[in-house]
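Visitor: Going by this note's numbering, the first residue of the sequence shown is number 1, and it counts up by one from there.
Keep in mind that the hints were calculated from the coordinates and are not lab data.
This one's a predicted model, so the numbers in the text were calculated from it and none came from an experiment.
One or more of the hints may lead you astray.
To be verified - Each computed EDC-like pair below joins lysine to aspartate or glutamate, with the alpha-carbon atoms no more than 20 Å apart:
hint, residue 1, residue 2
1, Lys458, Asp233
2, Lys164, Asp233
3, Lys113, Glu174
4, Lys66, Asp48
5, Lys168, Glu109
6, Lys295, Asp48
7, Lys295, Glu144
8, Lys113, Asp48
9, Lys295, Glu161
10, Lys368, Glu423
11, Lys458, Glu160
12, Lys164, Glu174
13, Lys368, Asp233
14, Lys168, Asp75
15, Lys168, Asp203
16, Lys164, Asp48
17, Lys76, Asp48
18, Lys295, Asp233
19, Lys295, Asp452
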Amino acid sequence: MVTCALAGILLPLVGSLFVVIIPRSWVRWFSQLIALLAMLCTLYVLVDLAAGGRAGYSVDVLWFGKSLVYGVVIDKVSTLISSAFVLIGLLTLIYSGGYLSSRNRDHPEHEIKRRYYFFLLVFIGSMAGLVMSSTMLGLLAFFELTGVCSWGLIGYYNDEEALKAATKAIITTEIASIGLFVATAYFFVVTGGFRLASMADLDDTSKILIFMGILIAAWGKSAQLPFHFWLPDAMAAPTPISAYLHAASMVNAGVYILARCLLAAAHVPTIIGTVGSIMAILTMLYALLMYFPQKDFKRLLAYSTIAQLSYIFMALSLSVFGSATAFNGAVAHIFNHAFGKSLFFLVAGAVGFSTGTRMLPSLKGLLKKMPIVGAGFGVAALAVTGVPPFNGFFSKFSIFAGGFEAARTAPWLLVIVVIAILETIASFAWLFWCFSASVLGAPSDEVTAASDIAPSMKFVLVTLACLALVSGFFALSWLS
């Protein structure tokens, strides 16, 4: 199964090189084929792990002298998350086939541009490599590679807005990633290697220093306070890229590294949980307040992403106080949020494609004029805010249950959990209002004049809506 795991990483990376040299007319379908093969490989690894009783294991792959540089870890967490990221990468490529066309009223495309597919394939491979890594150096290397890909894709349109957004994103995340560089270097000094499993043998002081570096890097990549400001501007990217980078992959790189290191460390001093939970709740409240002035559909979703990632940070921080339920809820929310928020972004892309605008006040009557798009808006809103039976409900319920569990050890955590519950209610109320104001009723002039979206876009929206309904059941049952 290690061969399949490595194939899921290497196929997109090697395929991206072929994108540069093959005939331009082949680029689109070739990229989709490579992503499909990578997805089948990752799913096969997951199925094989299930057949083997879900007992995790790791395999060393690359050595430099006596130091393990890279290895793969195959367990419940890595197989679940990698399958989601690669699957959404495939769906993004299929969607892009229809979105990047001359029919797009928001951003018409008249030719296939290789760099779009090159960077997106590298991104898919980088996320698979990061998720499967069993070494600190592997996490760092792929963490950095995702930053390069995000820079290339955010600046895709090559205008002033896009280039400024791309520069802001890479500078901000690179400054934060210094924390991971320091953590990795210190980890090597105190353990003599890079194997993550060695984390469990460290003393509390070493763990505090390492995890503070990891937290800083994770806050930067996942757009948490005080590094939050790059994500809303990154909406200058093509909407399929916003869906993949800012819902399913890049922003999740930060929370995933924290989750993987917590799993490896076994025990972490509670100061890390205290700092993490306080910063998470502050970011959550900030993002909620920023919902209200937003008129641009994608900027609203950017702040929603910041808030949802705060839930994951909060849950991982709660797990430090001994709650396995909170940890499982955090991992499940990475999985669930990827599907729900990708659907939301791609609905925004479909709206821009057909109407030429993403301004919410101009989108009234979507459900009547474009039922698939309007229904997708409703499903995505229900999934992201955690309304049963959609996927977000199951992971959020687990997070809150884990919070009450952790509060037995530290009663002050009850305040954190209650605030998070109130934020969930407020988010639901606001998105429900947006749905009522923008989707229901008689079509506006812009919606009345809307063109139809491409069949590939419809296929992806329907697929993600179905996944948003069923993935929550799968995630928690898989992790339990």
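Visitor: Against this structure, judge whether each hint is valid.
Guide: To see whether the hints hold, each was checked on the structure:
With a C-alpha separation of about 27 Å, the suggested pair lysine 458 and aspartate 233 falls outside the 20 Å cut-off, and the hint is violated. Distance restraint check for lysine 164 and aspartate 233: the Cα-Cα separation of roughly 8 Å lies within the 20 Å cut-off, and the hinted pair is therefore satisfied. Taking the CA atoms of lysine 113 and glutamate 174, the gap is near 27 Å; set against the 20 Å cutoff, the hint is violated. For a cut-off of 20 Å, the pair hint linking lysine 66 to aspartate 48 is broken: about 31 Å separates their Cα positions.
Taken as a hint, the lysine 168 and glutamate 109 pair is broken in the structure, with Cα atoms around 25 Å apart against an allowance of 20 Å. Straight-line distance between C-alpha atoms of lysine 295 and aspartate 48 comes to about 46 Å, which puts the hinted pair past the 20 Å bound. In summary, the hint linking lysine 295 to glutamate 144 is not supported, as the alpha carbons are separated by about 33 Å, beyond the 20 Å threshold. Distance check on the hinted pair: lysine 113 and aspartate 48 sit about 37 Å apart at the alpha-carbon level, beyond 20 Å; violated.
At roughly 18 Å between alpha-carbon atoms, lysine 295 and glutamate 161 fall within 20 Å of each other, so this suggested pair holds. Proposed proximity of lysine 368 and glutamate 423 is contradicted: the alpha carbons are some 31 Å apart, above 20 Å. Note on lysine 458 and glutamate 160: the hinted pairing is violated, with a Cα-Cα distance of about 31 Å set against a maximum of 20 Å. Restraint check for lysine 164 and glutamate 174: satisfied, since their Cα atoms lie roughly 15 Å apart, inside the 20 Å limit.
Note on lysine 368 and aspartate 233: the hinted pairing is violated, with a Cα-Cα distance of about 31 Å set against a maximum of 20 Å. Under the criterion of a C-alpha separation no larger than 20 Å, the hint pairing lysine 168 with aspartate 75 is inconsistent with the structure, at around 35 Å. Pair hint lysine 168 plus aspartate 203 does not hold up; C-alpha atoms about 37 Å apart against a cutoff of 20 Å. At most 20 Å may separate the alpha-carbon atoms for a hinted pair to count; lysine 164 and aspartate 48 exceed this at roughly 45 Å.
Taken as a hint, the lysine 76 and aspartate 48 pair is honoured in the structure, with Cα atoms around 11 Å apart against an allowance of 20 Å. A C-alpha spacing of about 14 Å is found between lysine 295 and aspartate 233, which places the hinted pair at or below 20 Å, so the restraint holds. In summary, the hint linking lysine 295 to aspartate 452 is not supported, as the alpha carbons are separated by about 23 Å, beyond the 20 Å threshold.
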